[in-house]
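Protein chains: 2
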Amino acid sequence: MSEDRIRNAALRDRVVPAATAAALIHPGQTVAMSGFTGSGYPKSVPQALAARIEVAHAAGEAFQIRLLTGASTAPELDGALAKVDGIALRLPFQSDPDARRRINDGTLAYIDAHLSHVAQHAWFGFYGDIDVAVVEAVAIREDGSIVPSTSVGNSKTWLDLAKHVIVEVNDWQPAGLEGMHDIYYGTALPPHRRPIPLEHPDDRIGETALRVDPDKIVAVVRTRAPDRNSPFSPVDATSEQIAGHLIEFLRHEVDKGRLPANLLPLQSGVGNIPNAVLAGLAKSGFRDLTAFTEVIQDGMLDLLRSGVLASASCTGFAMSPEANAAFKDEIDFFRRKIILRTQEISNHPELVRRLGCIGMNGMVEVDLYGNINSTHIMGSRMQNGIGGSGDFARNGFMSIFMSPSTAKNGTISSIVPMVSHVDHTEHDVSIIVTEQGLADLRGLSPKQRARQLIDRCAHPDYRDALEDYFERALRDSYGKHTPHLLPEALSWHQRWLDTGDMRPAANPPT
Amino acid sequence: MSEDRIRNAALRDRVVPAATAAALIHPGQTVAMSGFTGSGYPKSVPQALAARIEVAHAAGEAFQIRLLTGASTAPELDGALAKVDGIALRLPFQSDPDARRRINDGTLAYIDAHLSHVAQHAWFGFYGDIDVAVVEAVAIREDGSIVPSTSVGNSKTWLDLAKHVIVEVNDWQPAGLEGMHDIYYGTALPPHRRPIPLEHPDDRIGETALRVDPDKIVAVVRTRAPDRNSPFSPVDATSEQIAGHLIEFLRHEVDKGRLPANLLPLQSGVGNIPNAVLAGLAKSGFRDLTAFTEVIQDGMLDLLRSGVLASASCTGFAMSPEANAAFKDEIDFFRRKIILRTQEISNHPELVRRLGCIGMNGMVEVDLYGNINSTHIMGSRMQNGIGGSGDFARNGFMSIFMSPSTAKNGTISSIVPMVSHVDHTEHDVSIIVTEQGLADLRGLSPKQRARQLIDRCAHPDYRDALEDYFERALRDSYGKHTPHLLPEALSWHQRWLDTGDMRPAANPPT
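As given, the protein sequences belong to chains A and B, one line each in that order.
According to our numbering, the first sequence holds residues 170 to 679 in order.
According to our numbering, the second sequence holds residues 170 to 679 in order.
Derived from the structure by calculation, the hints contain no laboratory data.
Incorrect hints may have been included.
Since the list gives no way to pick out one identical chain from another, each pair is judged satisfied if it fits inside one copy or across any two copies.
Straight-line Cα separation of at most 30 Å, DSSO-like style, residue types lysine-lysine; simulated pairs [what the hints assert, rightly or not]:
| no. | residue 1 | residue 2 |
| --- | --- | --- |
| 1 | Lys425 | Lys332 |
| 2 | Lys252 | Lys497 |
| 3 | Lys497 | Lys452 |
| 4 | Lys425 | Lys452 |
| 5 | Lys425 | Lys577 |
| 6 | Lys616 | Lys577 |
| 7 | Lys425 | Lys616 |
| 8 | Lys332 | Lys252 |
| 9 | Lys452 | Lys332 |
| 10 | Lys452 | Lys385 |
Here chain A stands alone, though its shape is the one from the complex (with noise of 0.2 Å):
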């Protein structure tokens, strides 16, 4: 029988059900809640919150809160509140397909943010009062500290901030986290700011656990339920291409001299193609690699295992069924190479400039001259969000996006004249790499930039369509700096709605 997970004696007399602790959340209220990419977010308490508003619905009375989070969770939170129309307001991040689907029939208000500004956004008053907090953990300590889970976020915020505190503690995750945790507390509100003393990115700067003020916490809930944990699918030709390009950038400019014999600290989105990045390291013969990202998924645990990662920094975790298996069976050696901080920290704009991180994100579509869409499809439906890619691509050394060079079986290009939508400005995006190949965008104006993205990116089916209108543009346009024929700059994308094809050649002038 293992030491009880509640040491403080007073806590373990909060013990209270979900459904109890749940009632304690009261319509209108903004209740923010533990969770990061579905890792460490409260699983017991939403759902008897979703039970709850149900009822009240079906009753005629009105329920509905503002949602925050660190990121994504699960479907036993956004999805269970989401399905109940329960939330009027979230963000700053999601996933989830209720909730998408609400969002995109235009009935929950979503606010896509950058993940280092929410903290602070909540700190200077722009979301209003927190009421309550619900945040998953491993253990109360005896001092009544509260040591997350598999996941940090905003939780150090939301303890702060909340007028109430709800604690689920959760038997399933493994008791041997406590102590990977590394919660900063020397941020403050400007001017009263400081420097944050980190200078690697595996340097330890605060606290093992959580503090917050017992008489906050309303209520203790137990649990013993796992993570998200979705499996990742086997590295694709697509994939393994895209991951051969970066690899060989990166040894180039290793040879070049741009960059250290060990790289810089990598942030690394999530996903299948990442995770083909990370598989396409851990061969590369690169050794000492180091971290400074979000989340750590399956290859980044195994390139830990290796060596070739020597340690890595994190707010949370996005790992198959069977990697959290085996991430549990070696949890002592992991607690020496990971660490979990807030998502203040792991996104710093300070810090991410100091570290030099290089970026390595995902993308919808790249335009012409090297605009990002991250989020809309078809410039009007949203995804997931731009999560922490901005903090990255603005502030790193240089920002790395990826993508197969066509989606839908080949009806869209993710290369096109003009972005549908912008998370990423001209200024902000350094190498573009597709399985045709990789642009340097380093050092180029726009139409320098245009002529490397169609030549080596483009996938031939869409190649000549994108010469074309570029070459009529350069003709044509009002402005030669950034050539663009503005009645045809989107007709891409509404052939893709009108026709569900963008190519040219299905669909013949008529």
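Once you have looked at the hints, place chain B on chain A.
What follows is chain B alone, placed relative to chain A:
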């Protein structure tokens, strides 16, 4: 007779005419010059170089350089070199009519960059080698170090990296500038960067002159010529209304406890509207304000005199001739109040975030969802560049963008369905101000932002048309998160290109 400005004997021996110095610059070279917003740029060597290029071109010889500066310069530099088609590539900012014409006819390649990125990208090798640096100085000290004049910009980096250095010592610049500069020598390349020890906008953290290896100085040129010093327009009614809305908002934020009584360090763009805001602050009752900004213009000098502004940190000046004359007379006072820094420091993400700067900048247009175009007329024609607006909009406490609600005699609306180019995304924009009113976009979803912008900022001539677009987009858009009708999204711009008027009423359906 004043003391000689060249106090190093060896360098006194290297004084040559401008033409002799210009002869040291060769075709195809990368030449990095001082200069920021029409202050502190070399005046004589660029003109001599332009004359030399003209002769070469007349003889049928190719002669162009790649030209880097701090920011914009003046007719003697950008203008002279552009007129003779002497610039192959220009970065990171310009505002010169002759350069702009060539950028927009497609013959001058231009890279528009965040001003905080330039020095580090040069160090990273993204722009290739720097062959020659040409910097203006107030004096050369006994030890060969160089006292910059009215701007610092990227001069530190240029002197560090260039193979050869040409110094222009300008007797027109007041000797009393010596001691006003603060050149920080603690920067490094990652992974060797450390925290920048600046905690208050008036902290001095560096040296008062630029270090340079005297052996690299191949020529010294004496000049006696004024900075650009363009007059500001008198404050007009529109600018005064914009300033009034903004100052009312700042008071409101202080009342709500979201800003300290003396606000937070102000960053202000350059131009007539910012000057009106500064004039408004003079009468506002605010005291002990600080500025952590790029450029000090007339209005800020007045605020320093009156004590409304306690101190100002910048990297250059933009003064009217009258303000410049007064500045020279009172330079001993201003040397205690003003700190001139490198633009790497004045715009540094670490410092802008730590200090919590309030960014106040102009814009070309904003769309319904809060995306900002700062640079491109009708999506393709470059006006000036993004400058430092992004450094402050992204990393500061809040970002404020200001513009009259219409331009060109009412034929252009500054609020449009979709901006034709994006420099600042929806994620980076807090407040929009026109003479019509102020829209506070903080904590709002895209559709909520649209309502605010239509109701509070749009000109009455365009309000119905914006409302009509928004309502139809709400009904018919593919996704309802950021509703758009792609065939119409850029039609206002095309209508202006076709008819000279964006107003639908001026273009009745035919």
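Sort out which numbered hints this structure fails and list those numbers smallest first. 2, 5, 9, 10
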